[in-house]
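From first to last, the protein sequence lines stand for chains S and Z.
For the first sequence, position 9 matches number 9 in our numbering, and the numbering has no gaps at all.
For the second sequence, position 276 matches number 276 in our numbering, and the numbering has no gaps at all.
These are computed hints drawn from the structure, not numbers from a lab.
Since we're looking at a predicted model, the values are computed, not measured.
Identical chains blur together in the list; that is why a pair holds if it fits in one copy or across any two.
DMTMM-like cross-link-like pairs, simulated, lysine to aspartate or glutamate; straight-line CA separation at most 25 Å: (1) K17 x D48; (2) K267 x E285; (3) K24 x E59; (4) K122 x D140; (5) K122 x E142; (6) K267 x E386; (7) K188 x E404; (8) K89 x D313; (9) K311 x D48; (10) K127 x D140; (11) K278 x E327; (12) K127 x D105; (13) K89 x E142; (14) K89 x E59.
There are 2 protein chains.
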Amino acid sequence: MALIVQKFGGTSVANTKRIQNVAKRIAKDFDQGNDMVVILSAMAGVTDNLIGLANQVAEAPDRRELDVLLATGEQTTAALLAMTLKTMKYPATSLLGFQAEVVTDCNYCNARIVDIGTDRIKELLEKRNIVVVAGFQGRDSEGNITTLGRGGSDTSAVAIAAALRANRCEIYTDVDGVYTADPNVCSKARKLKNISCEEMLEMASAGAKVLHIRSVEFALKHNVLVYVRSSFNEEEGTMLVNGDHDMERPVVSGVTYNKNEARITLKKVPDQPGIAAKIFSPIAEAKINVDMIIQNTRAGGQTDLTFTVPKPDFKDALEIGRKVAEEIGAEEVMGDENIAKVSVTGIGMKSHSGVATKMFSTLASENINIMMISTSEIRISCVVEEKKAELAVRSLHTAFGLDEE
Amino acid sequence: MALIVQKFGGTSVANTKRIQNVAKRIAKDFDQGNDMVVILSAMAGVTDNLIGLANQVAEAPDRRELDVLLATGEQTTAALLAMTLKTMKYPATSLLGFQAEVVTDCNYCNARIVDIGTDRIKELLEKRNIVVVAGFQGRDSEGNITTLGRGGSDTSAVAIAAALRANRCEIYTDVDGVYTADPNVCSKARKLKNISCEEMLEMASAGAKVLHIRSVEFALKHNVLVYVRSSFNEEEGTMLVNGDHDMERPVVSGVTYNKNEARITLKKVPDQPGIAAKIFSPIAEAKINVDMIIQNTRAGGQTDLTFTVPKPDFKDALEIGRKVAEEIGAEEVMGDENIAKVSVTGIGMKSHSGVATKMFSTLASENINIMMISTSEIRISCVVEEKKAELAVRSLHTAFGLDEE
Numbered sequence: 001m002a003l004i005v006q007k008f009g010g011t012s013v014a015n016t017k018r019i020q021n022v023a024k025r026i027a028k029d030f031d032q033g034n035d036m037v038v039i040l041s042a043m044a045g046v047t048d049n050l051i052g053l054a055n056q057v058a059e060a061p062d063r064r065e066l067d068v069l070l071a072t073g074e075q076t077t078a079a080l081l082a083m084t085l086k087t088m089k090y091p092a093t094s095l096l097g098f099q100a101e102v103v104t105d106c107n108y109c110n111a112r113i114v115d116i117g118t119d120r121i122k123e124l125l126e127k128r129n130i131v132v133v134a135g136f137q138g139r140d141s142e143g144n145i146t147t148l149g150r151g152g153s154d155t156s157a158v159a160i161a162a163a164l165r166a167n168r169c170e171i172y173t174d175v176d177g178v179y180t181a182d183p184n185v186c187s188k189a190r191k192l193k194n195i196s197c198e199e200m201l202e203m204a205s206a207g208a209k210v211l212h213i214r215s216v217e218f219a220l221k222h223n224v225l226v227y228v229r230s231s232f233n234e235e236e237g238t239m240l241v242n243g244d245h246d247m248e249r250p251v252v253s254g255v256t257y258n259k260n261e262a263r264i265t266l267k268k269v270p271d272q273p274g275i276a277a278k279i280f281s282p283i284a285e286a287k288i289n290v291d292m293i294i295q296n297t298r299a300g301g302q303t304d305l306t307f308t309v310p311k312p313d314f315k316d317a318l319e320i321g322r323k324v325a326e327e328i329g330a331e332e333v334m335g336d337e338n339i340a341k342v343s344v345t346g347i348g349m350k351s352h353s354g355v356a357t358k359m360f361s362t363l364a365s366e367n368i369n370i371m372m373i374s375t376s377e378i379r380i381s382c383v384v385e386e387k388k389a390e391l392a393v394r395s396l397h398t399a400f401g402l403d404e405e
Numbered sequence: 001m002a003l004i005v006q007k008f009g010g011t012s013v014a015n016t017k018r019i020q021n022v023a024k025r026i027a028k029d030f031d032q033g034n035d036m037v038v039i040l041s042a043m044a045g046v047t048d049n050l051i052g053l054a055n056q057v058a059e060a061p062d063r064r065e066l067d068v069l070l071a072t073g074e075q076t077t078a079a080l081l082a083m084t085l086k087t088m089k090y091p092a093t094s095l096l097g098f099q100a101e102v103v104t105d106c107n108y109c110n111a112r113i114v115d116i117g118t119d120r121i122k123e124l125l126e127k128r129n130i131v132v133v134a135g136f137q138g139r140d141s142e143g144n145i146t147t148l149g150r151g152g153s154d155t156s157a158v159a160i161a162a163a164l165r166a167n168r169c170e171i172y173t174d175v176d177g178v179y180t181a182d183p184n185v186c187s188k189a190r191k192l193k194n195i196s197c198e199e200m201l202e203m204a205s206a207g208a209k210v211l212h213i214r215s216v217e218f219a220l221k222h223n224v225l226v227y228v229r230s231s232f233n234e235e236e237g238t239m240l241v242n243g244d245h246d247m248e249r250p251v252v253s254g255v256t257y258n259k260n261e262a263r264i265t266l267k268k269v270p271d272q273p274g275i276a277a278k279i280f281s282p283i284a285e286a287k288i289n290v291d292m293i294i295q296n297t298r299a300g301g302q303t304d305l306t307f308t309v310p311k312p313d314f315k316d317a318l319e320i321g322r323k324v325a326e327e328i329g330a331e332e333v334m335g336d337e338n339i340a341k342v343s344v345t346g347i348g349m350k351s352h353s354g355v356a357t358k359m360f361s362t363l364a365s366e367n368i369n370i371m372m373i374s375t376s377e378i379r380i381s382c383v384v385e386e387k388k389a390e391l392a393v394r395s396l397h398t399a400f401g402l403d404e405e
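Here chain S stands alone, though its shape is the one from the complex (with noise of 0.2 Å):
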């Protein structure tokens, strides 16, 4: 008997015919004596097509609005997963956002969770309902409704069950687990038993799709036991664990890549002090997350200034950065949007050397030029032209010995 908290994505949830699949799934585990909480997705597609309703309407929706529509989409999951767990005669209850007391901050449509009150899922818990909750939303301290940002259900999975102090939190998802690279990508990918959240944590940041970035932050800082598996099948998926868990892995445990970024370089920026600052604080303002930042010194106490920033953002990062280039006098502002971000991760990188130079090797081997480099403790990244980034993986992932026997 333990307390499980699972999660279904979109594709687990996109029809009442799967939907009834999930609610068989978790009747089996509910019979077995476990307590259950159950998070759900919108339908896959749904969320997508309420952004298009927004957009009919408005240019830019009014993003406290676009919360109270976005929300529609896992109220609904929440619901008909209920009453169908009702007409297979399980005691099941559906908690939306506000009623699971997920307190959020205020920043709609990417709001972070900042208290979980308990009381009400506990009190289900004991009258041993299963608890349906409707995941990615919450309410900030007013009441409002907000949500938690592309893939924040996981996030809501993992804060609940970390709530909840629950034995384990199983993610199920329309993959069977976290692979060594984009198993589409790259056909030799294998599946990881095992993988520490710090490498899951930069292999999400570094394009990895399976798990919002967010619940990875959320299962490392409390502890939370996480199971990433498929819905549409039995097979063992991958489990998060704390720490170094296996002595023996290869030094890289995962190949990801990431097209989702664009490139600005400010050209010929004047290299005194403060400039960066005033380069990047109103890209700040405008909420624009930078993720690589490079400067090349030049002669003549001019520098050549580069950094990324998310797609679809690029169109407002490349305006506000020509604004500041005039006041900086920088002589030309540059964007590409035809880049991909190649990373490989892992935490026996901390021990072993040369992995930067074997990565740069091989990459130099395929005749792949390399733009930008990042590095982090597990991680390193490099910027290429973005018609090359499978070829990149494909040959990183036999380089770093990953690919299947």
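Following the hints, complete the assembly by docking chain Z onto the known chain S.
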């Protein structure tokens, strides 16, 4: 400057184009300095689609969860209208039922409003916000989501108007007022400039679909000025007034029909005290509303008992009737779904005799058989064969002098 509550029905917000038209209409009234509270229905067809979705997973969906599901319909339109207004640079804020503090009892799918806390709405109005409230929905005392039943948005609007002591409540719909008969059935029907709440109440219960019956009860009880008009044109609508508003009006104000009832007859019931209670208690327990009841005395201490119920409840009521018949020793139970109730309504009836006679003779002259009769102070209803309903309406409309000149 006035405080105006406006309600827009499902056809008025059926798509984003229409929502934009609604926004323009609201903006015009706002620009004239009025404080605006807007109540919305779901887009036409959406509630039925949601019920269809529920029926894919459950034959009889859990009512609590059905309310969670159905509430998404009005949530969607409220968010869309608020963001439309904001894009037009008008200050607007959407409130869901629970945020607008619409407190109901816990009778899911058919809840009654017990209280409306107006603090949040008033606070927003003081900041000159257009307040957009999701109609049809509320919350019970425990914070569960409830809905008010079909047409409940009318009730939301009138109840909120009453709580706010609004100057008037405008109900925008797809018809441009209250007619002497359904114009689809009776081409000679005329629009009424005024109608008393009492008449509207009787006409609504007799089948007129313009207003939700409970909204009229609210208007009558709380003295709310209700104005019914079309959202598709600028024509004058119909004003609901309290009391006898027009001394010169004809005896009968309108002719209505209702095809949504079915008839059940228990034959040869022992004519003993307590029998009626034995029959109608279990029906009331099943939350089935009985409309008309007629008892005919037979020879030999036996009686026939006939009553009508809403068509959706016909099967359940028939089953209950059969069980009870066995218990009490009634000979036979018969059911008939092919009936219609035709009614004439008018506050003038109070002071005029002969209305019933005229009704019966008119129906007789058209060879329409009367199966059941019921009367109130200002209404007479006859149950006739379903297929003769339209003929009955037209002939009564002419007989009572309501035809357009």
